[in-house]
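Visitor: Residue numbers (this note's numbering), protein chains in the order written: chain P, 1 to 279; chain G, 1 to 457.
To be clear, the hints were calculated from the coordinates, so they are not data collected in a lab. Check before you lean on any hint, since a few could be wrong.
To be verified - Here are the simulated BS3-like pairs of lysine-lysine, each with C-alpha atoms no more than 30 Å apart in a straight line:
no., chain 1, residue 1, chain 2, residue 2
1, G, K55, P, K255
2, G, K260, P, K234
3, G, K184, G, K260
4, P, K206, P, K265
5, G, K276, P, K234
6, G, K272, P, K42
7, G, K276, P, K78
8, P, K258, G, K55
9, G, K7, G, K55
10, P, K255, G, K376
11, P, K42, P, K4
12, P, K255, G, K184
Unchecked claim - Here are the in silico distance ranges between beta carbons for each label pair:
no., chain 1, residue 1, chain 2, residue 2, range
13, P, R152, G, K376, 40 to 48 Å
14, P, G230, G, G407, 15 to 23 Å
15, G, K376, P, Y270, 52 to 60 Å
Cβ coordinates follow ideal geometry from the N, Cα and C atoms, glycine included.
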Amino acid sequence: MPYKILDKARLNSVTSKIVIEAPYIARNARPGQFVVIHIDEKGERIPLTINDSNPKDGAITIIFQGVGRTTCRLAALKKGGFVQDVLGPLGKAADFGRAGRVIFIAGGVGIAEILPVARYARANNNIVTAVTGARTKELLILEDEMRGASDRLFIVTDDGSRGARGVVTGPLKELLDKEAFDLAYCVGPDIMMKFACGLTKQYNLKTLVSLDANMVDATGMCATCRVKVGGEVKFTCVDGPEFDGHLIDWDEFMKRQKRFVALEKRAMEYHGHKCRMPG
Amino acid sequence: MREQKPKERIRNFNEVALGLTEEEAVAEAKRCLECKRAACIGGCPVEIDIPAFIKLISEKDFQGALDKIREKNSLPAVCGRVCPQEDQCEKVCILAKKKEPINIGALERFAADWALEHKVAKYELRTPNSERRNARVAIIGSGPAGLTCAGELAKMGYGVTVFESLHSSGGVLVYGIPEFRLPKGIVESEVDYLRGLGVEIALNVLIGRTRTLDELRKAGFGAFFIGIGAGLPYFLGVEGEMLNGIYSANEFLTRVNLMKAYLFPEHDTPVKVGEKVGVIGAGNVAMDAARSARRLGADEVSIIYRRTEMEMPARIEEIERAKEEGIRFELLTNPTGFFGDADGWVREAECVRNRLGEPDSSLRRRPVPIAGSRFKMALDTVICAIGQGPNPLLPRTLPDLKLDEDGNIIVDKLGMTSIEGVFAGGDIVTGAATVIAAMGAGRRAAAAIDVYLTQQA
Numbered sequence: 001m002p003y004k005i006l007d008k009a010r011l012n013s014v015t016s017k018i019v020i021e022a023p024y025i026a027r028n029a030r031p032g033q034f035v036v037i038h039i040d041e042k043g044e045r046i047p048l049t050i051n052d053s054n055p056k057d058g059a060i061t062i063i064f065q066g067v068g069r070t071t072c073r074l075a076a077l078k079k080g081g082f083v084q085d086v087l088g089p090l091g092k093a094a095d096f097g098r099a100g101r102v103i104f105i106a107g108g109v110g111i112a113e114i115l116p117v118a119r120y121a122r123a124n125n126n127i128v129t130a131v132t133g134a135r136t137k138e139l140l141i142l143e144d145e146m147r148g149a150s151d152r153l154f155i156v157t158d159d160g161s162r163g164a165r166g167v168v169t170g171p172l173k174e175l176l177d178k179e180a181f182d183l184a185y186c187v188g189p190d191i192m193m194k195f196a197c198g199l200t201k202q203y204n205l206k207t208l209v210s211l212d213a214n215m216v217d218a219t220g221m222c223a224t225c226r227v228k229v230g231g232e233v234k235f236t237c238v239d240g241p242e243f244d245g246h247l248i249d250w251d252e253f254m255k256r257q258k259r260f261v262a263l264e265k266r267a268m269e270y271h272g273h274k275c276r277m278p279g
Numbered sequence: 001m002r003e004q005k006p007k008e009r010i011r012n013f014n015e016v017a018l019g020l021t022e023e024e025a026v027a028e029a030k031r032c033l034e035c036k037r038a039a040c041i042g043g044c045p046v047e048i049d050i051p052a053f054i055k056l057i058s059e060k061d062f063q064g065a066l067d068k069i070r071e072k073n074s075l076p077a078v079c080g081r082v083c084p085q086e087d088q089c090e091k092v093c094i095l096a097k098k099k100e101p102i103n104i105g106a107l108e109r110f111a112a113d114w115a116l117e118h119k120v121a122k123y124e125l126r127t128p129n130s131e132r133r134n135a136r137v138a139i140i141g142s143g144p145a146g147l148t149c150a151g152e153l154a155k156m157g158y159g160v161t162v163f164e165s166l167h168s169s170g171g172v173l174v175y176g177i178p179e180f181r182l183p184k185g186i187v188e189s190e191v192d193y194l195r196g197l198g199v200e201i202a203l204n205v206l207i208g209r210t211r212t213l214d215e216l217r218k219a220g221f222g223a224f225f226i227g228i229g230a231g232l233p234y235f236l237g238v239e240g241e242m243l244n245g246i247y248s249a250n251e252f253l254t255r256v257n258l259m260k261a262y263l264f265p266e267h268d269t270p271v272k273v274g275e276k277v278g279v280i281g282a283g284n285v286a287m288d289a290a291r292s293a294r295r296l297g298a299d300e301v302s303i304i305y306r307r308t309e310m311e312m313p314a315r316i317e318e319i320e321r322a323k324e325e326g327i328r329f330e331l332l333t334n335p336t337g338f339f340g341d342a343d344g345w346v347r348e349a350e351c352v353r354n355r356l357g358e359p360d361s362s363l364r365r366r367p368v369p370i371a372g373s374r375f376k377m378a379l380d381t382v383i384c385a386i387g388q389g390p391n392p393l394l395p396r397t398l399p400d401l402k403l404d405e406d407g408n409i410i411v412d413k414l415g416m417t418s419i420e421g422v423f424a425g426g427d428i429v430t431g432a433a434t435v436i437a438a439m440g441a442g443r444r445a446a447a448a449i450d451v452y453l454t455q456q457a
């Protein structure tokens with residue numbers, strides 16, 4: 001049974017939002033979990049964070065950037081269309097409960113990934129501070145939603161077109177110098193997470209990250225998503241995607257993330273199109 | 001049996017063994033001595049009435065032969081291809097003592113393929129009794145154990161739903177065994193046959209996550225069968241196994257088989273195979289991985305195995321075919337670490353040579369490293385095929401489910417787990433074994449579920 005796309009919107013030139021009918025997933029999904037989407041018989045299976053779930057409508061919301069062949073194909077689908085397979089909810093859900101003062105750090109499409117966890121933090125009576133960043137104002141997503149989900153929101157852009165000029169570690173460092181926090185939660189490009197974790201480690205602030213690793217089955221079977229955490233091999237799909245960011249071997253993880261880059265480029269060339277983002 | 005020639009077949013993923021013609025099948029069937037006390041039946045884990053179906057083939061009643069097989073075996077086209085007949089029915093064939101045993105596997109395959117070719121699908125349902133029909137059974141996992149259990153229960157008249165987490169049904173038959181050994185169309189036909197029996201297949205459902213056992217109970221399922229297989233890949237646990245270019249056999253084969261990476265970039269899932277591939281292990285999975293790597297264009301593919309050819313767990317037929325396809329065998333060799341370049345790609349394996357010592361608990365002679373035998377082997381792709389264990393994902397969601405120390409599910413004599421009404425069988429109970437052993441377990445569990453539900457009614 002294919003899964004219907006109930007709604008589709010374009011958030012900016014690279015980011016799309018789709019709402020998919022998946023009643024069982026909508027009912028059981030928790031913040032921090034993800035689904036695997038397989039568009040059709042020829043498609044790849046890719047993991048995408050569940051950004052919102054609505055059990056009443058039986059719908060889940062996915063926000064993603066069109067960067068590779070599969071996400072570009074997904075971005076080209078329209079409301080009323082279908083994807084062949086959706087599996088989930090997968091991975092461990094956020095379960096930090098009431099930690100106290102929690103600081104969220106997110107970059108790019110990572111903002112969509114922290115949003116449900118920030119809402120979870122609010123619902124568990126934490127004091128939520130958030131730092132979100134993007135390259136430009138145009139690429140900054142979910143500002144209103146993040147404002148609604150946090151007590152304080154700090155925004156940065158690389159070019160200063162919205163909020164302060166700079167990267168997320170700037171305001172993060174200022175805040176860490178001035179205030180005490182009990183927990184940090186960080187999602188964004190790998191390099192951003194690496195530096196944010198490097199910084200919070202200096203302040204001895206426990207930091208959770210959610211990894212976006214390449215997966216196939218996403219049920220613990222193939223081990224392609226393996227990552228070293230505290231010297232132990234973990235599977236991102238079933239042991240994660242949330243891990244203690246201070247324990248991750250970032251350099252190794254970032255090398256592993258490049259395993260299929262050359263082949264992905266070849267696939268894009270073979271199919272002869274750049275990522276187009278129709279509405 | 002006719003086969004594709006090695007030089008041709010290493011350039012494609014089409015089936016290697018081409019099957020028997022009608023004349024060949026009838027001639028082979030006529031060799032059968034129709035033993036009164038047929039040892040072959042006892043050699044078959046699901047006790048197919050082998051002499052009876054062979055006699056029907058010799059009489060050219062091919063449909064009759066298939067019906068006879070289907071009395072005991074729901075997946076004949078699969079078993080005819082992948083069963084280790086040489087260790088089972090054919091091993092005890094009386095003719096094996098003097099000359100060649102009857103090629104039972106080829107005949108089973110012939111009967112199944114004949115029906116597929118002639119598009120004959122005959123569904124024989126036993127008279128369902130009304131109490132039974134009210135009880136629904138949930139099968140978790142659509143591999144050989146689950147499909148067999150589903151087919152048996154459907155024939156008894158139960159409503160059966162098979163839940164599968166992947167997007168195709170068949171379990172290891174679709175993600176693990178390559179197209180050239182078991183065409184996916186064959187698996188699909190066998191699953192279609194089960195659908196014809198009334199079995200419902202629910203894909204993309206990970207029990208414990210998408211839906212829970214409790215939810216299914218509330219939805220009216222009265223009994224459960226867990227047949228989730230041995231899905232957790234083992235690694236050697238040596239230095240450098242996180243390097244790029246090192247795959248678990250599960251990953252490599254799933255990319256190639258389920259995701260059809262051999263059709264990349266027409267299909268989107270990539271698999272990267274270098275020039276020098278090392279496959280660690282020497283079971284059927286290792287042979288499948290090595291032969292797939294060869295077909296994907298690797299110049300040199302080596303099976304790296306710590307013991308000798310004698311101890312290799314793979315079927316002899318598969319070892320022979322691998323040799324014909326130019327697979328090298330580095331025997332009595334054990335990798336002790338992997339080393340890579342600055343970008344994190346594997347470049348070489350460090351290995352030791354072994355000699356064989358005293359037999360271990362598996363009754364095979366234990367490999368003992370030879371002092372000072374350390375050497376380097378250049379490799380740019382490594383596939384680890386040293387076995388699989390139980391995937392803990394579902395058991396973790398069922399705290400009352402008793403597991404043994406290896407994480408396999410503990411069952412009683414009837415196949416029931418520590419949770420009432422929940423049965424289990426196949427690799428998740430026994431540890432990794434064969435397709436036919438899993439089917440035997442599925443079949444026995446179906447009988448036990450029938451007894452259980454009849455008592456409950």
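Visitor: Does each hint hold? Answer for all of them.
Guide: We went through each hint and held it up to the structure:
1. G:K55 with P:K255: violated, 61 Å
2. G:K260 with P:K234: holds, 26 Å
3. G:K184 with G:K260: Holds, at roughly 11 Å.
4. P:K206 with P:K265: With a Cα-Cα distance of about 37 Å, the restraint between K206 (chain P) and K265 (chain P) is violated, given a limit of 30 Å.
5. G:K276 with P:K234: holds, 28 Å
6. G:K272 with P:K42: holds, 18 Å
7. G:K276 with P:K78: violated, 44 Å
8. P:K258 with G:K55: Judged against 30 Å, a Cα distance of about 58 Å means the pair is violated.
9. G:K7 with G:K55: violated, 37 Å
10. P:K255 with G:K376: holds, 24 Å
11. P:K42 with P:K4: Since the Cα atoms of K42 (chain P) and K4 (chain P) sit roughly 18 Å apart, the hinted pair holds (cutoff 30 Å).
12. P:K255 with G:K184: violated, 34 Å
13. P:R152 with G:K376: 40 to 48 Å: Hint violated: Cβ distance 57 Å, outside 40 to 48 Å.
14. P:G230 with G:G407: 15 to 23 Å: holds, 22 Å
15. G:K376 with P:Y270: 52 to 60 Å: With a Cβ separation near 36 Å, K376 (chain G) and Y270 (chain P) fall outside 52 to 60 Å, so the hint is violated.
Hint check: violations occur at hints 1, 4, 7, 8, 9, 12, 13 and 15; the rest are consistent with the structure.
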